[in-house]
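*Asks:* Make the full structure from the sequences, and use the hints.
Take a look at the letters that make up each chain.
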Amino acid sequence: MLWIKNGIVVDPKNKINLEKMDIFVKNGKIVPESEIKKGDCRVIDASGKLVVAGGVDMHAHIAGGKINTGRTMRPEEMRVVRNIAGKFRASVGRVLLTAPAIGYEYAKMGYTTSFEAATPPVSSLHTHEELDSIPMIDKAALPVFGNWHLVFKCIEEKNIEKLKALLAWAIERSKGFGVKVVNPGGVEAWMYGGNVKNLDDQVPGFGVTPREIITWLIRANEGLGLPHSVHLHCNNLGVPGNYQTTIESIKLAKGFKNEKRQVLHVTHVQFNAYSGSSWRDFGSGAAEIAKVVNSMDNVTIDMGQPIFGHATAMTGDAPFQFTLHKLLGARWSNKDTEVETGAGIVPIGYLPNNPVHAVQWAIGLELGLLTESDKVALTTDYPNGGPFTEYPYIMAMLMSKKMREGELKKVHQYVQKATNLPSIDVEKTLYEVIHMTRSLPARILGLENKGHLGIGADADIAIYNLNPLETDFSNEFEKVYKAFKVAEFTIKGGEVIVRNGELLKEVYGRTFWVDARKKVDLEVVMQDVKNYFQYYSLQLSNYGVEERWLKKPERLEVV
Amino acid sequence: MIIIKPKIDFEVCVEAELTPELATKSIEEVKKFKVYYGNRIVELGELFEIRKEGDDKKLVLEGDFSRVKWIGTKMVDGEIVVKGSVGANCGAFMKGGRILVEGNADDWLGIEMAGGEIIVKGNAGNLIGCAYYGDAVGMTGGRIVIEGNAGNYIGEKMNGGEIIIKGNAGDFIGTEMRAGVIEIHGSCGFVGGDMRGGEIRIKGSFELLPTFRKTEKGWVGDVNVKGEGVIKQI
Amino acid sequence: MQDIVCTFCGSVCDDGEYDLKKKSVKKFCKLGSSKFAEKERIKAPMIDGKEVSYEEAIDKAVEILVNAKRPLLYGWASTANEAIRLGVILAEKLGGVYDQCASVCHAPGTLATIEEGIPGGTLGSVKNRADVVVFWGSNPMEAHPRHGMRYSISAKGLLVKDRKQRKVIVVDVRPTKTAKIADIFIQIKPGYDYAIFSALRAIISGNADAVPSEVGGVAKEKLIELADIMKNAKYGAILYGLGVTQSRGRDRNVENAIKLVQLLNRTTRWIIWPMRGHYNVVGAGEVPAWEVGYQYAIDFSRGYPRFSPAEFSAVEVLKRRDCDAALIVASDPVAHFPRIAVQHLKRIPVIQIDPYPNMTTLVAKIVIPSAVYGIEAEGTAYRMDCIPLRLKKIIETNYWTDEKILEEMLRRVEKFKG
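One line per chain: the protein sequences are A, B and C, in this order.
FYI, my numbering numbers position 78 of the first sequence as 78, with every residue one higher than the one before it.
FYI, my numbering numbers position 201 of the second sequence as 201, with every residue one higher than the one before it.
FYI, my numbering numbers position 268 of the third sequence as 268, with every residue one higher than the one before it.
Everything labelled a hint here was simulated from the structure, so no lab data went into it.
Just to be clear, a hint being listed does not mean it is correct.
[Claimed, not checked] Under 7 angstroms between C-beta atoms, here's a sample of chain B residues computed to sit facing chain C:
hint : residue
1    : F33
2    : G38
3    : N39
4    : N224
5    : K226
[Unchecked claim] SDA-like cross-link-like pairs, simulated, lysine to any residue; straight-line CA separation at most 25 angstroms:
hint : chain 1 : residue 1 : chain 2 : residue 2
6    : C       : K60       : B       : N39
7    : C       : K231      : A       : A330
8    : C       : K220      : B       : R213
9    : A       : K518      : A       : E222
Cβ coordinates follow ideal geometry from the N, Cα and C atoms, glycine included.
*Replies:* Right, dumping it as structure tokens:
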């Protein structure tokens with residue numbers, strides 16, 4: 001039992017803003033005072049300190065084949081030592097991190113949940129083995145559907161019941177959490193050396209277009225009532241002028257409605273928010289996109305903020321990764337995966353005096369500032385934009401114009417004419433930034449017990465050495481940044497696991513997965529699956545992950 | 001000058017990042033210098049006999065140091081003389097000063113050397129003056145001379161400095177080189193793969209790759225990277 | 001039992017049929033079937049040839065390992081991921097060295113991946129799309145007998161509906177069994193793979209004039225012909241083997257092949273992938289990569305992982321007499337390592353964990369017999385293309401699994417370290 005005493009609480013889901021209150025924890029949950037015996041509690045005196053829910057990272061590449069190939073490719077990344085083995089595991093990595101390092105670093109920062117953003121369904125077991133090796137946090141994985149032949153076939157037949165059954169089957173087999181879509185149609189086009197440029201381009205070999213893939217998947221996802229919405233990595237990522245495609249894609253959500261959450265989440269929008277026609281007249285389309293998102297009530301986005309320094313581009317957007325390899329002359333890995341998807345990895349970096357990088361950096365911030373805080377979550381698309389350990393940098397920047405002005409002086413001046421960042425006066429409040437890093441991502445994902453401190457929530461709590469009542473967020477940005485970098489206390493499921501950057505206890509979180517099989521008749525699609533399995537290189541009976549192979553699975557049943 | 005001599009035949013390799021800086025310390029401090037003996041951290045004095053003679057910024061390593069690694073790491077000045085053979089990673093990331101090895105040197109000699117001089121009277125192993133795993137640039141300055149023979153992978157990703165092998169060498173001399181000079185007095189195998197710049201001079205025989213064009217300067221290439229490196233027969 | 005997963009080579013065929021009465025398997029090739037046939041087993045744990053209990057053997061093994069200054073933990077390619085993970089954590093806790101079979105096999109591919117990346121794909125992509133398959137220095141008809149029919153030669157797929165729609169090319173130093181069934185066989189001089197890859201890159205990028213009339217024993221015209229076939233492929237695959245990784249050039253050979261494939265991708269689609277040997281050698285590399293950042297040759301003596309194949313590959317460690325105890329799991333280094341390495345293995349205390357006796361058993365001080373994954377124990381393995389497959393438990397046994405043995409070892413080590 002835990003009694004967090006007298007902290008200054010910010011809990012946007014429950015509309016609590018800077019209230020001095022006590023938080024009580026029992027059996028890993030937040031409980032009312034009546035359920036604990038104060039005398040039996042471990043007391044944490046949080047006087048003068050900020051108390052919030054543990055952070056929720058709704059899009060990060062933390063586990064699976066492409067992350068591991070990234071590590072293998074980059075020993076220069078793995079040479080940075082963070083923790084020497086002793087009571088805890090050795091922990092290494094610069095931006096790319098080993099599994100133990102990922103868990104420890106999230107925990108030190110006060111983050112307690114993270115979602116692997118894209119996993120190829122056929123190698124889900126690898127993703128889960130890696131997730132199971134990450135300590136401290138709760139986790140889940142999003143299987144990809146946007147280039148899966150089986151999905152194409154259901155859409156060709158215009159059979160919504162088949163598609164729903166397929167999704168339910170696939171998400172169960174992969175022990176995944178929802179429907180991720182990466183460059184729909186484009187990765188299949190890459191198998192022929194091409195890509196898609198337009199929502200109405202025909203996918204080679206199939207009678208479907210990206211527009212249809214996205215729309216049908218939204219229909220099926222909503223028909224199933226899955227906790228999370230379709231999670232979309234738009235076509236044309238990384239291409240100057242692509243903001244138009246992004247807006248067109250966002251508008252596909254029109255006509256769909258969900259009481260609890262968005263019907264479409266568009267991810268790492270910074271990479272899809274470029275104006276211009278080439279790298280020479282490249283600029284920001286962030287304002288246009290923010291305007292559209294703000295005008296709709298059923299779409300959310302996340303930033304995909306670049307951080308100056310090293311990074312690694314790794315996505316399921318295989319054709320884009322090859323383009324990046326050609327552009328930079330950098331090392332390049334690729335993985336065409338059965339009939340499901342692909343992936344690519346390219347080492348990159350962001351330099352402040354590079355005009356393109358500077359604009360990318362500005363665009364991420366523009367999106368964070370111009371989009372309503374109830375619609376934009378904070379991410380770096382780790383490790384594509386940079387380390388997740390710099391989320392505090394982004395938080396501080398969103399709250400301080402002065403900090404932004406200082407940073408703008410250090411970057412290439414092209415930012416002045418190519419973006420609106422210098423003229424944006426918006427300073428988000430602490431309440432908004434906590435919403436963007438806790439309650440909003442939890443709502444977007446459909447996790448009812450995460451991202452807030454209400455009764456019944458998981459006791460994932462972060463206490464920061466920052467008195468929000470006495471802090472001038474506009475001017476004391478250094479102090480704000482430092483405070484959010486290292487949580488004073490991180491509590492996971494009621495256990496105090498980190499204090500002031502020091503690991504205290506190693507725990508293992510749960511792996512959430514969604515079971516929507518009761519909402520469909522699987523037989524509707526199983527014959528097609530069996531027939532199509534001739535094109536796989538393994539047996540259908542050996543496809544998929546059984547729950548008992550996971551360390552701590554937690555099944556979320558959809559009824 | 002500090003003279004260091006192994007006390008025993010080590011059970012496993014020792015990792016001792018000894019530099020001439022040590023010669024500026026008192027003999028007590030030198031004896032307490034921490035080294036790795038497998039997974040144990042021990043004091044230099046436990047494994048080695050140590051004598052101090054005068055104030056020269058010089059280390060004399062007497063005896064068989066072939067299983068003592070990382071000698072001369074990051075050194076900036078002064079001198080190290082190994083009266084015997086030396087272990088792997090000798091002269092790693094060296095910036096200045098001089099290392100003389102009277103016996104043989106093991107792999108990874110002069111990793112990413114930036115300045116100074118390494119002379120090996122005997123033979124050297126593989127990976128001389130190369131970039132470390134995953135790094136983009138290798139040697140950028142300084143001079144390495146091997147009187148005897150050398151192994152494979154010499155001066156890979158070199159961007160400056162000089163490597164001279166007086167005996168024979170193996171394969172992959174100057175792979176992905178950008179600048180600097182490598183000279184082989186004996187014979188060797190494949191040279192200049194994907195080279196962009198710099199010069200490789202060979203006295204004996206070698207294997208020219210099918211990606212170099214003959215000009216008056218010598219063979220120019222590697223055409224696969226639009227390289228302007230030069231390979232000369234001397 | 002249907003659809004059982006084979007635990008011999010990297011093909012990891014998963015369509016086997018196990019006959020519980022006959023205790024044998026159908027559909028697998030000779031190599032796989034032999035794995036499932038009854039064989040001589042190490043009967044019980046032994047210390048210095050004397051039978052002891054599992055607990056006694058593990059106690060003694062741990063005593064040796066914690067007191068060692070640099071224990072070498074080697075093998076790992078023929079056991080399941082669950083065991084490998086414990087092996088990595090054990091090496092970390094002991095401050096020793098973790099190395100796995102790839103260091104004498106396909107490690108050059110990992111070094112090449114560090115230099116260039118690996119533009120690859122799964123075997124399903126080869127089966128469905130590859131109209132040109134090049135076996136370079138690999139001989140699946142002998143080393144991976146069912147690979148061709150399942151994935152790469154006669155396998156039919158989405159776009160390749162007939163064997164005739166695929167061109168199979170073998171590049172090797174002698175006419176192999178695979179060469180005999182290939183459409184084209186190019187014989188090259190041993191040791192010239194690197195030069196030939198360079199030549200192909202030059203020809204494809206418009207610099208054929210720099211290429212001499214013959215490279216590595218192959219006439220220029222033949223190389224131009226090969227380059228043309230490659231350029232005109234719709235989807236090609238280079239599947240390379242030990243002919244490339246264990247001959248002159250090694251990692252630079254693979255690196256050059258990768259550069260060729262990267263170049264080809266500018267005008268058409270190509271992938272390249274190694275023909276891995278042991279059924280879970282991929283797991284033996286992937287597990288340490290996510291746990292500690294590297295795939296092999298990892299030293300933990302400073303409390304954190306350091307990667308250096310030239311120093312910490314098992315052969316290098318043994319050659320330099322740089323270890324004073326060894327734990328060998330599911331491997332036979334005494335049979336396969338060079339003499340100078342085996343000499344040192346004979347000097348130090350060796351602990352072996354394996355189901356079957358082999359040459360290493362003869363020098364082992366402590367022998368701990370384990371259950372056979374895929375027959376007596378369940379676990380996860382990664383096929384050569386990194387597709388995870390679950391090994392099945394078909395029959396019961398009293399033997400402890402590698403996982404259980406290592407778990408017990410780790411528990412004792414953690415207790416000792418406090």
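*Asks:* Work down the list of hints and note, for each, if the structure agrees.
*Replies:* Tested hints:
no. : hint                : result
1   : F33                 : 16 angstroms, violated
2   : G38                 : 3 angstroms, holds
3   : N39                 : 3 angstroms, holds
4   : N224                : 5 angstroms, holds
5   : K226                : 9 angstroms, violated
6   : K60(C) <-> N39(B)   : 20 angstroms, holds
7   : K231(C) <-> A330(A) : 22 angstroms, holds
8   : K220(C) <-> R213(B) : 16 angstroms, holds
9   : K518(A) <-> E222(A) : 15 angstroms, holds
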